[in-house]
Every structure is written in structure tokens, then in C-alpha cells.
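2 protein chains.
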Amino acid sequence: MADVAFDYENLMEVEHGLAQRDLDNVEPRLQEAADELLENSYGFMRLPKTGEHAAACKEFAENIRNSGATDFIHVGIGGSALGPMALQRALNHPYYNLLPVETRGGPRIHFAENTDPNSLGAILDIVDPANTWVNVVTKSGTTAETMANFLVIRDVLGDYGGRAVFTTDPEEGYLNRISAREGIRTLSIPKDVGGRFSVLSPVGLLPAAVGGLDVDALLRGAAQCVDEIEAQGAKHPAVGGAAMHYLMDTARGRNVRVMMAYADALERTAAWFVQLWAESLGKDGKGSTPHGAVGTTDQHSQVQLYMQGPQDKVIEIVEVEEHPRDLIIPEAYEDLDGVGYLGGHTMGELLNVECDATRRALAEAGRPNCTIKLGAMNEENLGYLFQALEAQTAIAGSLYAVNAFDQPGVEAGKQITYKRMGRPGY
Amino acid sequence: MADVAFDYENLMEVEHGLAQRDLDNVEPRLQEAADELLENSYGFMRLPKTGEHAAACKEFAENIRNSGATDFIHVGIGGSALGPMALQRALNHPYYNLLPVETRGGPRIHFAENTDPNSLGAILDIVDPANTWVNVVTKSGTTAETMANFLVIRDVLGDYGGRAVFTTDPEEGYLNRISAREGIRTLSIPKDVGGRFSVLSPVGLLPAAVGGLDVDALLRGAAQCVDEIEAQGAKHPAVGGAAMHYLMDTARGRNVRVMMAYADALERTAAWFVQLWAESLGKDGKGSTPHGAVGTTDQHSQVQLYMQGPQDKVIEIVEVEEHPRDLIIPEAYEDLDGVGYLGGHTMGELLNVECDATRRALAEAGRPNCTIKLGAMNEENLGYLFQALEAQTAIAGSLYAVNAFDQPGVEAGKQITYKRMGRPGY
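Going line by line, the protein sequences match chains V and U. Residues in the first sequence are numbered from -8 upward in steps of one, following our numbering. Residues in the second sequence are numbered from -8 upward in steps of one, following our numbering.
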């Protein structure tokens, strides 16, 4: 069973928090949004229970792991990269690519996102082209950054067709045409699943499986979340949380939503959430600004602003009860008051004490905050968390009365780029 | 000569931009702030020209590089880590630690910031304890996260004294007492240089030199910036920029300041700036929220919000004219309109075209933005950039009428932590 809990007490009980009447006012619209979510059969709500394409991803990943591949380059940007990176960072060894191959049991994993020659050049500096796989992930097959990376990598890998996979639209787009010509295998991104909601489609499942993660547990955790939302509707805390975050922005002028994760391994999960929230809701002049932070690190960077800056934020802490490992702090310098007290505690204990201290200090200073608590860092809990935040974002889209599933604002920049790069028809 | 240019045209000329009268209103206070900056002889404004401790850092780093050290663990958090990480990320190979030792010419470099057992455990998994150096960076010697990391590392390294250095206050604090007992060498953080302004002190210089960076060029670029500010005063664009960002927040309600760097290697530079701006200005209910982003990547994550979300942001683009390397996109699939046009261009060209496209699209949509342009990614330009942003932040502190050099808001959380961890006297 996934163990993920949402605690909104410090959004209600603190000075400058929400009042019950705020929630009562929005309750009918929340109810409507929850009904809509369940009636509309969105693709992202279907994926966890159907587990569609999961078997193909696992089989494909197993082939890659058994092929003697040294490296796996995942080429994608935005929704085609953030979910895969979040999973890899959350659930694998922080120095995965530096571990001996026997420990990893699979190839090193690289992400080619940006069209930054310094980054792709670095990947190409260290891989062995003859033993490197490439996974090209773009639904349309026209994403300029992804296709540019692909064209460079393709050239370096030589006879690459047998070591390539395209994760793309099931029928349309350029990658299907290239696949047909060159006999390259493809995995499908379901037509009704958009990029930022695609982490539990082959976009996320293939690289997760290549990295040795338990794809079934990931889907199981997400399915548990769907079951609970179906049973509880607007009473599910992630769904209700949409109303709270919506109100904090629109009724309280708190236009910044900070996700502060107390685990380094969740830094990319916060980045994944930033895209989900920003691109889904930031339209028609609406949408709060999501901002990622890491505790304790950002206590020494941003907490000053959160504590004493303007009352324009909501801080959402993500806490991990049991860390994947722990280290005892050895006893030493016991005569030095400011150092000796640390001995005998563990680093995980210190991390979680600081997490709680930040939460309490924020609350005492009248700074609204909330907490998502993961019992442990594992596939089930991450699957649940992704699913809950996707549902919350869709609900928030209904409350803001925006289309959470499009991104018309990025077209203008693309048009200018296409024209300047000489794409026919622009 | 450093080549760093500031362009504020799109803060003035676009719809919703600033008017000349806004600037005229703040002009006397800006002038006063600039005078104050130059009269006050702040430590951070002195460092580049005195180059104090630079020789000691270079010599020490050379010893480490020649010692056969396999690994160098830099232990520090907040201002003791962000500058060093920014330098390493901006100027060294993106996969520095994965390169062969002959290519690196020095040890692998690890940063132990957070008290996250999963992160420190990962470092300890891969280092060879007998050939690993540790640099403990904390001015007070009481930073809990740093001392916890140190106590664990110290225990693992065994007889570590000859492979340790403490970067700390020149006289006070626990690290000096430990140094005296155990004969550990120290490097000094000047008393009048605070953590977030310390990147050009031994805090940043030692790890930069260990990583083989050109510390003299870094200081030279920063010194050029100081010279120019001394000559131009309030007319220096970084100084004047403080007034623009201040006005955008206080007179236009734009409480989010985005730094969007069009180079992956500047991602940590943005994180360094986030601390500098947030912790310096976020007090007395004031301060805009700095937010880091990377282009093109975040075009696929956050630009939707920047283009069509609320008018509550200023976007500051950091552009690199000449990237450290470039890759030609090979010609292929010329019959496929949406792919073939890329061939023959370079990745760096595509990156910079997209940068310009984003800037133009923002301006055309009435979204105020500005640009910092680096001619190239090198030590001189980074030194200039750090110095300019530090000066800008200090000037902004005067305009906001806050003390830019303290951080009283983080005390409450520390007190709770100390009490819960059993530190004597709490």
C-alpha cells in the first residue's frame, strides 16, 4: 500500500490562513470539478489501472539491460523528460552513472533535453557509440530540440537502428515515418495523454524500467490514488488541496506556490511539478507561479524570504519519513557545545527535525504552509504522488476555468524559431 | 577583458514596462545608494582587487592536485556551497567526475550540502577514503548540516588531518578550535564578507582552483566590474538595473523575478543568484521572489505561464553568445519538412535563435524582460557577472531600505532544531 498523506492544517489554523467560509464558497465548484474529473475519463486517470504499454516497456527494457548496452540516452524535453528524470533521481542511487556496472545491472542513463551543444557534447564524450542506445521521445516528432539532439546522436552512433526506440504518437508524426523507413521500434504515447501528464505512459515507464525501477509498483501506487479519488471525490485531500491552492492565489493574493522537498532525491520531482502546474494553469492571465526548493539546503537560501518577505506565498513541504538509508553521526568534540550535541543522532533524524522546525517556525510566523508526507521513498509512493498532483492540477484547471491541457502561449516563440531556422512554410 | 552586457530595453519599451518618470522618481535614491556602496568599502567590493588569500588557495589546490587525491569533498551549505557549485558547473565539463583522471588533472569534486543521508551515503559509496580530501566550509563552525556531514566524513576517512582544510572565520568559531587541536590547515573567510557574498573569497577560490579553473581570471573579471562601477556609479547598468527590478516589484506589483539562463551550465549560477537576492532582500515584508529557469528547457515547462499567466513577473534572460563548443546538426530527412530544415545549422545556433525568439515573443506579448549577455562562458565573464549581481543586490537593499547583509528570519527554525537535537543551552 502506498503511504502518502496530505496535511493542510497550517493553511487553516495559522494567521493569514484560509477561513472555513472561503472553502464553503468554493465547495460547489470543487464538487463539480471532481465530478467532471471522474466523468471525463481523461487518459491520465486511466493509465494506472489499465497499465497499457507497461508490458511492452518492461520487455523492451529487459532487452536493453541484457544487450550489454553501456549507455542509454533518453532524448526528450519538457513533459518528455521531467517525469523520467524525476523517477530516476528519486529512486535510483544519486551517483547511478558512477557505480560499477555490476551494481547498476543496466546501462548508464543520460538525458539529452536542451539543444545545448555543451551538454550533448559531454554525453558524446563519454559514451561508447557502438554500445549506446537512444530513445527519442516526442509525441509530434517535430520538437526542434529533440530532433536536433536525435540527428546529432544518430550520426555518432553509426548503424543505430537496432539500438533505437521512438516513443511517440501511435500513428502520426515524423517519428512514425522515420520508423517505417528504417525499421525502428516504437512505443506509443496514448493520444489522450499530454506531455506533462505522461509520466505513467511509456514516456516514463521505459526509462524507469531501463534503470531497474519497479514499474508495476509505480502503477500500483498510482492506481490506489485513482481508486481513492473515485471513492472520495472532492473529499480526497489532493482534490480538496486544489481548492486551497486556488483560494490562496485568487482570494488571498498568494501568487507563489513553493514546493520544498526535504530530500535531495525529490528535487527533480519538484521540477516535474513546476511544469505540470505552470503549463496547465498559466493562461488567460491566471495561474500561480510554482517554485521548487530543497530542504534543508534552501533554509540557507530562501527561507529568510519565506519567513520575513511579503505575504505572497504558500509553502508546501514534502517530507519523507523513512529515508532510503541513514548514517549515524559519530560522537566527537563532546566538549564543544555547538558541535558535540550532534553525535549519536542520525543524519536522517536531523533532516526531519529541521523539516519540522521549518514547518513550525513558518506557522508561528503566520506563514501558511502544508505538508505532503511520504512514508518512504519508493515506487508505490512516487506513483501515488504523481497521480495525486496530476489530479489536483486538473481540478485546479476547472476552478481557474482554464483548459489545463493545452499550451497556446508557447506557439509565438516556436513560430519565430521556425522562421529563423528556415523551416518550410514559416 | 570581460565581455558582459546588460540590456534593459524590453523593460522600458514594451507594454506594461517602466516609464521614464518611474526611473526619474527613484533616481536620487539610486544615486545615494551608489554613493553608499562605494563609500562603505564593503568586503565583497574589496575582494576582487586585493585578491586576498588567492595565492594561498592556488598553492593549496596545487598541493591537492599533485597529491594523487582521487576525490575532494567540499562540505558547506547555502553561501558556502552555491558559489563553488556555480563555478564548477559553469566552467568545467558537465560530466567532470566521469572523465578519466588524465583529462581532469585533479580529483573528482563532490559537494556535501544537505544533511541528507542518501546524498552523503552516495558520496561515501564511491570515494576511496585513503585518497580523499575534505574541505569544511562554515564561517561560524556551528552550521548543523555542515558539522554533521563533517563528523560522518571524518570518521570514514580515518587519519584525515593531513587531507583536510577548514575554510572559516580567521579567528573565531569551533573549526579554529578543532584546527588548533588537530593541526588542520585553515583558509580564512574575511570577517566582513558574508556567506552569500563570498564566492570570490577562499569559499569559492579553493574549490575552483582544485577543479583547475583560472582563479586569477575570475578575480580579474570581477575587478573590471568594480572598476567600472567606481567610474560610472549609478550609471553602471548593473547598478541601474537594481532600480528597475526594485520598481517592477514595488511600483508595478511584479513580485517574481525570473532568471532564465540559455545554457545548462548556468543553472547553478541562477541558484546562486536566487540565494543572493532572496536572503538579502526578503525581510521586513519586502523582497521579490527570485526564480531560476533554464532555456530552452523551460520553454517546455514555464514559458506558457510567463507568456499568458498573470502580469506578475520580470524575465531576465542570460544569454551566451559563444558556447564552449558547438555541434553541427547533420543533414538528414530533407524530405520531411518538420525535421529536414534543422540540418546544416548548429545546436548552439538553434539555442541562441530560441533565446532570441523567446525574448521577442515576450516583448510582443507585453511581457517585460531584460537580458544579460555573456560573450563567452569563461572565468573572466563569470567573475564580472557575480560581482555585478552582488553590487546590484546591495544597491537593491538600499532602495528597499533593508539590511542586505543579515538573515534574522532563519533564527526561529534554528532554535527549534537546536532544542530538539539537545544542543546545550537551548
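I should point out that these hints are in silico values taken from the structure, not numbers from a laboratory. A few of these clues could be false.
No distinction is drawn between identical chains; accordingly, a pair holds when it is met within one copy or between any pair of copies.
What the hints assert, rightly or not - Here are the simulated DSS-like cross-link-like pairs (lysine-lysine), alpha carbons at most 30 angstroms apart as the crow flies:
no., residue 1, residue 2
1, Lys40, Lys182
2, Lys405, Lys226
3, Lys405, Lys364
4, Lys182, Lys410
5, Lys410, Lys49
6, Lys226, Lys410
7, Lys49, Lys405
8, Lys410, Lys364
9, Lys182, Lys49
10, Lys40, Lys364
11, Lys226, Lys40
12, Lys364, Lys182
13, Lys226, Lys49
14, Lys226, Lys364
15, Lys40, Lys405
16, Lys405, Lys182
17, Lys40, Lys410
Going down the list of hints, with the structure as the test:
For the homomeric pair Lys40 and Lys182, the shortest alpha-carbon distance inside one copy (17 angstroms) is at most 30 angstroms, but the shortest distance between copies (60 angstroms) is not. With identical chains, the CA atoms of Lys405 and Lys226 are never at most 30 angstroms apart, being 41 angstroms at best within one copy and 36 angstroms at best between copies. In the homo-oligomer, the alpha carbons of Lys405 and Lys364 lie at most 30 angstroms apart only across protomers (22 angstroms), although the nearest pairing inside one protomer, at 39 angstroms, exceeds that limit. Taking the shortest alpha-carbon separations for Lys182 and Lys410, only the intra-copy value of 28 angstroms comes in at or below 30 angstroms, while the best inter-copy value is 54 angstroms.
Taking identical chains as interchangeable, the C-alpha atoms of Lys410 and Lys49 are never at most 30 angstroms apart, the minima being 40 angstroms within one chain and 49 angstroms between chains. Within a single copy, Lys226 and Lys410 get their C-alpha atoms no closer than 49 angstroms, and across copies no closer than 37 angstroms, so neither meets the 30 angstroms cut-off. Taking the shortest alpha-carbon separations for Lys49 and Lys405, neither the intra-copy value of 35 angstroms nor the inter-copy value of 46 angstroms comes in at or below 30 angstroms. Taking identical chains as interchangeable, the C-alpha atoms of Lys410 and Lys364 lie at most 30 angstroms apart only when they sit on different chains, with a minimum of 23 angstroms there against 47 angstroms within one chain.
Taking identical chains as interchangeable, the C-alpha atoms of Lys182 and Lys49 lie at most 30 angstroms apart only when both belong to the same chain, with a minimum of 21 angstroms there against 57 angstroms between chains. Proximity of Lys40 and Lys364 under a CA criterion of 30 angstroms is satisfied intra-copy only: 24 angstroms inside one chain copy versus 49 angstroms between copies. Taking identical chains as interchangeable, the C-alpha atoms of Lys226 and Lys40 lie at most 30 angstroms apart only when both belong to the same chain, with a minimum of 21 angstroms there against 62 angstroms between chains. When the C-alpha separation of Lys364 and Lys182 is checked against a cutoff of 30 angstroms, the pair qualifies neither within a copy, at 33 angstroms, nor between copies, at 41 angstroms.
For a Cα distance limit of 30 angstroms, the shortest separation of Lys226 from Lys49 qualifies neither inside one copy, at 35 angstroms, nor across copies, at 61 angstroms. In this assembly of identical chains, the alpha carbons of Lys226 and Lys364 lie at most 30 angstroms apart only when taken from the same copy (18 angstroms versus 50 angstroms across copies). Proximity of Lys40 and Lys405 under a CA criterion of 30 angstroms is satisfied in neither setting, with 36 angstroms inside one chain copy and 45 angstroms between copies. For the homomeric pair Lys405 and Lys182, the shortest alpha-carbon distance inside one copy (22 angstroms) is at most 30 angstroms, but the shortest distance between copies (50 angstroms) is not.
Neither within a single protomer nor between protomers do Lys40 and Lys410 lie at most 30 angstroms apart by alpha-carbon distance, with minima of 43 angstroms and 47 angstroms respectively.
In terms of the numbered hints stated before, the structure departs from hints 2, 5, 6, 7, 12, 13, 15, 17, listed from lowest to highest.
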